[in-house]
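Please take these sequences and the hints and turn them into a complete structure.
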Amino acid sequence: MDDTQRFAYGLKFENAFLRERGKAFESLFARIMAHAFPGDFQPVRPYGPKGDLKCDGFRASDGTVFQCYAPDAMKLEPLLAKVDEDFAGALVHWTTKMLRWEFVHNDSRGLPAEAVKKLAALNAANPNVALAVCGEAELRLIAMSLALHQLEDLFGAVPSGRVMEKLDFEALRPVLLAIQRQEPDAEPSLVAPSAAKLERNALSQDAAGLLRQGRRREQLVEAFFAGWPDPDLGEEIAQAFRVRYQALKAVGLSPDDIFGELQAFAGGMTGEPARQGAVLAVLSYFFERCDIFEDAIRIDAI
1 MDDTQRFAYG
11 LKFENAFLRE
21 RGKAFESLFA
31 RIMAHAFPGD
41 FQPVRPYGPK
51 GDLKCDGFRA
61 SDGTVFQCYA
71 PDAMKLEPLL
81 AKVDEDFAGA
91 LVHWTTKMLR
101 WEFVHNDSRG
111 LPAEAVKKLA
121 ALNAANPNVA
131 LAVCGEAELR
141 LIAMSLALHQ
151 LEDLFGAVPS
161 GRVMEKLDFE
171 ALRPVLLAIQ
181 RQEPDAEPSL
191 VAPSAAKLER
201 NALSQDAAGL
211 LRQGRRREQL
221 VEAFFAGWPD
231 PDLGEEIAQA
241 FRVRYQALKA
251 VGLSPDDIFG
261 ELQAFAGGMT
271 GEPARQGAVL
281 AVLSYFFERC
291 DIFEDAIRID
301 AI
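Under UniProt numbering, the first residue of the sequence shown is numbered 1, with each subsequent residue one higher.
Bear in mind the hints are in silico, worked out from the structure with no lab data behind them. Accuracy of the hints is not assured; some may be wrong.
Stated by the list, open to error - Computed list of lysine-lysine pairs in DSSO-like fashion (alpha-carbon distance at most 30 Å, straight line):
1) 117 x 97
2) 75 x 249
3) 23 x 12
4) 12 x 166
5) 97 x 82
Next comes the structure, spelled out in structure tokens:
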């Protein structure tokens, strides 16, 4: 797995982690764990009147009972009640088989202090059961340790560095044509951002890495516009990106969420890896040359 693939899968994991809720999150977690611990991790589904016995997955090698909690919005009182109820229920149903209990959650910010205190108190009151927490960082570590074919099964194929090197006009053409339908509202000048633009916009390492990989072939996009019969095509597409970026920013999306939405706007990170590579090249070109994301602060302007 090369850097281009690593960045792409890191961003796909992040998007899935932040997007999935409830049963969909449990399914994501179970699929990752099944790949990471084949023959050891067993997903558990509700069955009959007893449900899932307060267990969303069991790892036999260390006696871990996993419990997932992925609400639409994390609120303290329901969270504390969930921890109490599920841990107590797991103790009853799994008895001596449960040597370890792991609480899996979907809050990328981490758990609030009261929940951490609650888990520490349960751990102290139950010395025979080790308690652990699995959030975004822990699950990412497991997911990104998987082999390339496992990540492809989880998230689909992504472009490699070799695909980016082989990218040609034919791969770029349908992506460009797919986004040129927008009518420009104005014609502000295109300002090339400084090298600090990535840092200014607080993009994750994966998103920044994908933009850098896209720059390897963005000269194809520049040459495409230079040779296109309609000299206004580049500005029309640039304006479409500006309008889309401002709309996404206005609803309060995070920088990485905006990046993902702009990928979709440019053609999407699905289908053949060569097509995905074209999307990255186009997105990198307009990141560098038009008003998507915020320009870096100029030192001489401070």
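Structure-based check of all given hints:
no.	hint	verdict
1	117 x 97	holds (25 Å)
2	75 x 249	holds (25 Å)
3	23 x 12	holds (19 Å)
4	12 x 166	holds (23 Å)
5	97 x 82	holds (21 Å)
Figure legend: structure checked against the earlier numbered hints; every hint is met.
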